[in-house]
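Colleague: Sequences listed follow chains A and B, in order. Take the first sequence: its position 130, counted from the start at 1, is 129 in numbering that gives the first Met the number 0, and no numbers get skipped. Take the second sequence: its position 124, counted from the start at 1, is 123 in numbering that gives the first Met the number 0, and no numbers get skipped.
Among the hints, erroneous ones may be present.
To be verified - With a straight-line Cα cutoff of 16 angstroms, these simulated EDC-like cross-link-like pairs (lysine to aspartate or glutamate) come out: (1) B:Lys91 / A:Asp9; (2) B:Lys91 / A:Glu18; (3) B:Lys43 / A:Asp2; (4) B:Lys91 / A:Glu15; (5) B:Lys128 / B:Glu149; (6) B:Lys62 / A:Asp9; (7) B:Lys130 / B:Asp181; (8) B:Lys116 / B:Asp150; (9) B:Lys128 / B:Asp187; (10) B:Lys44 / A:Asp2; (11) B:Lys62 / A:Asp2; (12) B:Lys116 / A:Glu18.
For the record, the hints were derived by calculation from the structure and aren't laboratory data.
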Amino acid sequence: MLDAMSALLDARSPGERTEAAIHSKSIKAAAPRHRVKSLVKAPKAGDVAAQTPQTPAAPVPSLPQEAPIVSSSDAAFEEAVSALETVPVTVQQAALLPPAGGSGGAGGGGLIFAPPGGGGGGGSIGNPPPDAPTGTPPATSPVSPVPEPGTWLMMLLGFGFIGFSMRRHRESRRPQTSPASV
Amino acid sequence: MSSIALLLVVVGGGAAAMSHIGEDRSASVSQSASAASPTRLFLKKDEARPGAAGPYGVRSLLKINRPLEYGEFVWDDRSVPDGPVWIRADLKRQVISVFRGGHEIGTAVILYGVGNKETPLGTFPIIAKKKDHHSITYDAPMPFMLRLTEDGVAIHGSDVRRGRATHGCIGIPLDFARRLFDGASKGDLVSIV
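Produce the entire structure from the sequences given, and follow the hints as far as they go.
Modeller: Structure representation (C-alpha cells):
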C-alpha cells in the first residue's frame, strides 16, 4: 500500500484490537437458554458430571486393579452428594460405606449402588493404587431438559378437559336449536 | 403447570434480549462529519494510479490527525465528483474508508469477526442491499445491510464500542451506515484487508 495512505490510516486508527479486550457477548441471547437450564436444575448436574467419568461402567465384578467404588479419597463424590442435598443419594452413599471397612479383605461384594446415572464400578478386592480413579458412578444428567412425563400428562389432561367441555357445550346446545329449526 | 412456567421464562428471556438489542441501537454513538471538517490530502499522480491501492486508485484521503473514537465517524463528500464507489475495510487498523472516484468520502472505526467467525479477507462485490434487515441466524437487527458473501457476511449498522466484535460481519456506526447505504450500490467493490 502507499506510504502516505498508510501513514494517514495509522494516524486515525484506534489501534489493533487485542483479543483480551473483547468481552464476548453473543447476540443470540444465550441468557434465556441458561435460565431454562437452571429451571431444570442443570448446574448441579454439571458439577457432578465435571467430577465424574463420563463413560458408563457396567456393574460387573471389578478386576483387582480397578479402584473400589468407595475410597478414602472420594472427596469429590461427597461434595457432589452434599451439593445434591437429596435424601436418597445420601442413603446410597451411606450404603456404600461398609465395603470401605473391608477393603483389605477379599471384597468382591456385590455392588448395589444404583444412582440415577446407572451403576458404577464393581466391588473391590485389595488396596487400590493411590492414584487410581475414584470410580464414582458415572453421572448422566439427573434431570432431563425434556419436560417430565407428569408435565406432559397435565398438559394432555388440560387439552382433554377443554375438548370435553367443548363437546359438552355443543351437545347441550343442540337440543335447544333443533326444535326451533324443525 | 411447569410447562407454562417454562414457556413464560423462554418468552420473558427473549423479550429481555430484544430490549437489550434495542438499547444498543439507541445508544449508538455518532459524530457528525460537518463538525470535524477535515482537510484532504491529495496523493501524487503516480501514487494515485489504479492497482497501487484499490481498483480505481486513491487520489485523496481525509486527513484526520488523531485516532478516531469507537462509534465516531467522518463523512465529507463535499466537492467530490461522482465516480465508482470502493470500500476498504482495514481489520488491523479497525477502520473503514469509503472512496468515490478515488477520493475518500467517509471513514469510521469498525467492528469485525472474532474467534472462529472471522471476517473473510478479499475483495467482494455488494450482492444485496437491505435497509431494515433482521438477521434470522442471530435474531438481531442489521440496519443498512450491504451483503458481501452468500453465507451472510455483510457491512451493517452496529453499536460500535470498544470491546465489541461480530460474527464475521463488519459493524459500522448507524449514521455512517445510513450514508454508506445511500452512497453504495449493488456491485460496488469492498476490499477487506
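Colleague: Please go over all the hints and tell whether each is borne out by the structure.
Modeller: Do the hints match the structure? See the list:
1. A C-alpha spacing of about 10 angstroms is found between B:Lys91 and A:Asp9, which places the hinted pair at or below 16 angstroms, so the restraint holds.
2. At roughly 12 angstroms between alpha-carbon atoms, B:Lys91 and A:Glu18 fall within 16 angstroms of each other, so this suggested pair holds.
3. Of the supplied pair hints, the one linking B:Lys43 and A:Asp2 holds, its CA atoms being roughly 11 angstroms apart against a limit of 16 angstroms.
4. Distance check on the hinted pair: B:Lys91 and A:Glu15 sit about 5 angstroms apart at the alpha-carbon level, within 16 angstroms; holds.
5. Proximity of B:Lys128 to B:Glu149 is assessed by CA-CA distance (about 13 angstroms); at most 16 angstroms being required, the pair is judged to hold.
6. For the hint pairing B:Lys62 with A:Asp9, the CA-to-CA distance comes to about 11 angstroms; that is within 16 angstroms, so the pair holds.
7. Between the alpha carbons of B:Lys130 and B:Asp181 the distance comes to roughly 10 angstroms, so the proposed pair stays at or under 16 angstroms and holds.
8. Taken as a hint, the B:Lys116 and B:Asp150 pair is honoured in the structure, with Cα atoms around 12 angstroms apart against an allowance of 16 angstroms.
9. As the CA atoms of B:Lys128 and B:Asp187 are separated by approximately 11 angstroms, the hinted pair is consistent with the 16 angstroms bound.
10. For the hint linking B:Lys44 to A:Asp2, the alpha-carbon distance of about 14 angstroms falls within 16 angstroms, and the restraint holds.
11. Under the criterion of a C-alpha separation no larger than 16 angstroms, the hint pairing B:Lys62 with A:Asp2 is consistent with the structure, at around 14 angstroms.
12. Taking the CA atoms of B:Lys116 and A:Glu18, the gap is about 13 angstroms. The hint holds against a cut of 16 angstroms.
Consistency note: the structure conflicts with none of the earlier hints.
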